[in-house]
Amino acid sequence: MLVPEFVPGIFSSMYLPAIYAGLIVGFIGLMAIAMEKRDIHILILTDIVGLAMLIIVGAVGTDLAEALILPGLVVELAEIMAISEILISREMHKIESNKKKMPKNASIFPLPLVLDMEIMTTSSNFLALVLIGYGVFLTGFTGGAVAGGGVLLYVISRKSRGLPIFVFDGISGVSGISWCLWIIGFALFFIAPNLWLLSLTLAACGLLMKVASKLGLIGILMREEFKRE
Amino acid sequence: MDISSLGGDFLGIIPLGDIVLYLTPFHLFMCVVMLLFTFLICISKTETQVEASFGKLEDTKVSVGLNEFKQRRFLSIICGIATAGAMITGDLFNFTLFMALIGIVNIGIVSAVKQTSVLNAAYQYGLIAMMCSLPLFGGAAIILASTGTLSLFELSNLATTSAMTVFGALLLLIGILGESGVAPFFATKAEMFRTPGSPFLVIIHLSSLFVVIRAIEILLIIIKVI
Chain A
1 MLVPEFVPGI
11 FSSMYLPAIY
21 AGLIVGFIGL
31 MAIAMEKRDI
41 HILILTDIVG
51 LAMLIIVGAV
61 GTDLAEALIL
71 PGLVVELAEI
81 MAISEILISR
91 EMHKIESNKK
101 KMPKNASIFP
111 LPLVLDMEIM
121 TTSSNFLALV
131 LIGYGVFLTG
141 FTGGAVAGGG
151 VLLYVISRKS
161 RGLPIFVFDG
171 ISGVSGISWC
181 LWIIGFALFF
191 IAPNLWLLSL
201 TLAACGLLMK
211 VASKLGLIGI
221 LMREEFKRE
Chain B
1001 MDISSLGGDF
1011 LGIIPLGDIV
1021 LYLTPFHLFM
1031 CVVMLLFTFL
1041 ICISKTETQV
1051 EASFGKLEDT
1061 KVSVGLNEFK
1071 QRRFLSIICG
1081 IATAGAMITG
1091 DLFNFTLFMA
1101 LIGIVNIGIV
1111 SAVKQTSVLN
1121 AAYQYGLIAM
1131 MCSLPLFGGA
1141 AIILASTGTL
1151 SLFELSNLAT
1161 TSAMTVFGAL
1171 LLLIGILGES
1181 GVAPFFATKA
1191 EMFRTPGSPF
1201 LVIIHLSSLF
1211 VVIRAIEILL
1221 IIIKVI
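For the record, the sequence lines run as chains A and B.
Counting along the first sequence from 1, when you hit position 206 you're at 206 in my numbering, and nothing is skipped either side.
Offset between the second sequence (1-based) and my numbering: plus 1000.
Honestly, the hints are just simulated from the structure, not real lab data.
Check the hints yourself; a few may be wrong.
A few chain A residues that face chain B, going by a derived Cβ cut-off under 7 angstroms, partial list only [claimed, not checked]:
{"id": "1", "residue": "37"}
{"id": "2", "residue": "38"}
{"id": "3", "residue": "56"}
{"id": "4", "residue": "57"}
{"id": "5", "residue": "68"}
{"id": "6", "residue": "78"}
{"id": "7", "residue": "92"}
{"id": "8", "residue": "93"}
{"id": "9", "residue": "95"}
A few chain B residues that face chain A, going by a derived Cβ cut-off under 8 angstroms, partial list only [as the list claims (entries may be wrong)]:
{"id": "10", "residue": "1108"}
{"id": "11", "residue": "1127"}
{"id": "12", "residue": "1129"}
{"id": "13", "residue": "1134"}
{"id": "14", "residue": "1138"}
{"id": "15", "residue": "1145"}
{"id": "16", "residue": "1156"}
{"id": "17", "residue": "1166"}
{"id": "18", "residue": "1170"}
{"id": "19", "residue": "1220"}
{"id": "20", "residue": "1224"}
None of these values were measured; they are calculated from a predicted model.
Glycine included, C-beta positions come from ideal geometry on N, C-alpha and C.
Isolated chain A, as found in the complex (with noise of 0.2 angstroms):
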């Protein structure tokens, strides 16, 4: 076989499994889909299907299938934001073009977003400070996805009272400079590896500050969707 004699043997039998079990929930994925008549409600079941993809190429679970996995799901989430971008814009052609029709206070926004949890009156901006504060100390990936969730939390609780914005015109040229440092960061580790420290902080901080100002920069998206309105 081509498994090294390494691997436990447990691990190898969970392969067929894993491959029938990514199978199974694909088809069930898509017998909903045949079934599901609301185009918000198939978009958010071909999502599913998309997971099972995920769990078929994780069966695999060597670094070659992983290298599969990042860019199949970042595929994944760039199709679905695609996606629902042209569901928005046409229900908004749809909602424009027989106007008269409608009442006048009709939400252009198609979606309901309701938001009037107690929690964005009382302490956001404590939680966004905590968030922010953690998400630094943790750097990387994960950090950078807790401190983007504070500035998203202070964000929507501040467009929840009312009150106006910040608006943030550079986030995504810091997105960009952010990019470059992991770039930098990951190359070092292959020019000079005695620098590993410097590379590994650098990829660090880049990342936190890549994945925090995106999700940042969705805050700043759903603000311009309210302005519309």
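Chain A is already provided as a structure; the job is to place chain B on it using the hints.
Only chain B this time, still in chain A's reference frame:
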């Protein structure tokens, strides 16, 4: 079948660590044609559709605004480069990724139009492309698991083909058909063509034609039964 009987004289390999690129006249020709077409797209302007009105003598012109034009041209160039990469690559891994990129970019090219019917078609095509990423990546993973490599040069040197490899190759075929939107899934793609904006839209069609030819070659390399 072996590489030289499919692609002509074997010109040599470019070893880049694990990724071994190999060159044959077939790949070079396809890649150069695709790059030439991409260059044509770089320098061309968009068309203006003229629609005849019913019951009147006037025509309505449907043109594309500057912003939409720029975005569409950029995505078309990306699509052309991705297709050229899929033509020249000697690695199933790269081919899978280029294929996924072509799928996303095809959605993006038509996503900015104003017609509701075209957006509807793009939505359906996007759903098919997302569902077909399961067989696309899954097929590549199964081939990797059953042969231990994704390099086509190594795959062509293998003596036999196991049943699991054939299954993976068939899954890969389904994935490629769905991502490029050819035959059983072509209905939505035909609807996407009703929007103004040739010649940029032609790249959607051309890329799927080229990719299908290359996919057949790859499948013949992997499956040794024939």
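Checked hints:
1. 37: 14 angstroms, violated
2. 38: Since chain B brings no Cβ nearer than about 13 angstroms to residue 38 (chain A), farther than 7 angstroms, the hint is violated.
3. 56: Interface hint status for residue 56 (chain A): holds (4 angstroms vs cutoff 7 angstroms).
4. 57: The hint holds - residue 57 (chain A) has a Cβ within 7 angstroms of chain B, the shortest such distance being about 4 angstroms.
5. 68: 6 angstroms, holds
6. 78: 6 angstroms, holds
7. 92: 10 angstroms, violated
8. 93: Holds, about 5 angstroms.
9. 95: This hint is violated: residue 95 (chain A) lies away from chain B, its Cβ roughly 11 angstroms from the closest one there, beyond 7 angstroms.
10. 1108: 6 angstroms, holds
11. 1127: Hint on residue 1127 (chain B): holds, closest Cβ of chain A at ~6 angstroms, below 8 angstroms.
12. 1129: 6 angstroms, holds
13. 1134: 4 angstroms, holds
14. 1138: Interface hint status for residue 1138 (chain B): holds (4 angstroms vs cutoff 8 angstroms).
15. 1145: This hint holds: residue 1145 (chain B) lies near chain A, its Cβ roughly 5 angstroms from the closest one there, short of 8 angstroms.
16. 1156: Cβ of residue 1156 (chain B) sits 18 angstroms from chain A, so the hint is violated.
17. 1166: 15 angstroms, violated
18. 1170: 13 angstroms, violated
19. 1220: 23 angstroms, violated
20. 1224: Given a least distance of 17 angstroms, the restraint on residue 1224 (chain B) is violated.
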